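> Chain by chain, the residues:
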Amino acid sequence: MSVFRSIVFTSVLTGLIVGVAVSAVQHFGTTPLILQAETYENAVPAHNHEAATPEAGQEAAAAAPATAEAAPAEEEAWGPADGAERFLYTAAANILTAIGYALVLTGLFSLRSKTIGWREGLLWGLGGFAAVMLAPMLGLPPELPGTPAAPLFDRQVWWIGTVAATAAGLALIAFQRKPWAAVLGIVLIVAPHVIGAPAMPEGETALAPAVLEHRFIVAAVVSSFIFWALLGSISGSLYRRFEASA
Amino acid sequence: MSVQQNASTTVAASGARAGSVVQSAMAVCLGLFVVGFVGFSHVEIVHNAAHDTRHANAFPCH
Chain A
1 MSVFRSIVFT SVLTGLIVGV AVSAVQHFGT TPLILQAETY ENAVPAHNHE AATPEAGQEA
61 AAAAPATAEA APAEEEAWGP ADGAERFLYT AAANILTAIG YALVLTGLFS LRSKTIGWRE
121 GLLWGLGGFA AVMLAPMLGL PPELPGTPAA PLFDRQVWWI GTVAATAAGL ALIAFQRKPW
181 AAVLGIVLIV APHVIGAPAM PEGETALAPA VLEHRFIVAA VVSSFIFWAL LGSISGSLYR
241 RFEASA
Chain B
1001 MSVQQNASTT VAASGARAGS VVQSAMAVCL GLFVVGFVGF SHVEIVHNAA HDTRHANAFP
1061 CH
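The listed protein sequences derive, respectively, from chains A and B.
Just so we're aligned: 226 in the working numbering is position 226 of the first sequence, and the numbers increase by one with no gaps anywhere.
Counting the second sequence from 1 gives a position; the working numbering is that position plus 1000.
Hints were generated in silico from the structure; no laboratory data involved.
All values reported here derive from a predicted model rather than from experimental measurement.
Where a beta carbon is used, it is the ideal one built from N, C-alpha and C, also for glycine.
No false leads were mixed into what you were given.
Taking beta-carbon pairs under 8 Å as the criterion, some of the chain B residues facing chain A (in silico):
#	residue
1	SER1020
2	LEU1030
3	ILE1045
4	ASN1048
5	ALA1049
6	ALA1058
7	HIS1062
Covered stretches of chain A, as calculated for chain B (at least 3 residues, CB under 8 Å):
#	stretch
8	5 to 15
9	28 to 37
10	78 to 91
11	101 to 111
12	133 to 146
A few chain A positions that, by computed beta-carbon distances, are all more than 12 Å from chain B:
#	residue
13	PHE175
14	VAL190
15	GLY196
16	SER237
Turn these sequences into a full structure, and let the hints steer you where they fit.
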């Protein structure tokens, strides 16, 4: 299992470094905007996190009379308390996400079985950024809490489909030097946007002002770019070392 | 003798290559599972714990 072990060591180490670094970036970038947006969200009386979806909205409406007097402390599942606890859980989630993506990236390095270093890794990372952030955000931009959106499951399906199609398209363009592959790659990258992302329900507006939403999108894209640039270059550089010593 | 050796080396090498493909594919699947758990789980507690990460990574949320 030496290959698997090299990949896991590379990914865990990369994930720890990238997760901590990106948590610091988010702490000053996206998190303050999320907290600010939550003040608008909390200002709405019978707030429900899922009120944006039609069914949940009806449920919330049905439940509203019973809980109207108990508001604002409605029955919500556990969540980390604001401050240090919330930061730690976010950092842990960032580290896990980074480990997960690093496993995928390093596994793909290994499947390609070409010599890899920080620079090749960085290019892979940019490919990841394009497939996992840029492509899905064209249809489903990063959202602040309190932004109306289509049902969660529909959006998750479109998101996963878009990421898979874009990644396959980029791989065809990068690794197959044939015209048909380039054409197929371009078609795969464009197709999800022709199909279109699930539309947000009509007549609903975001709670946070558009200026805040725009600042959040910029902050999220920049933090994701740093995430992928670090993830690619660090995992490329580490995998080369682990592979050499295996 | 040397032909046999060559042949067995080739078989061993292709076996090792197939093994490494399986191991690499396992790593990719494990990675997808981890990302899926953090970013896509419908369990409320997981959602709340990873909330800010989900928003910042533009995972479909809420």
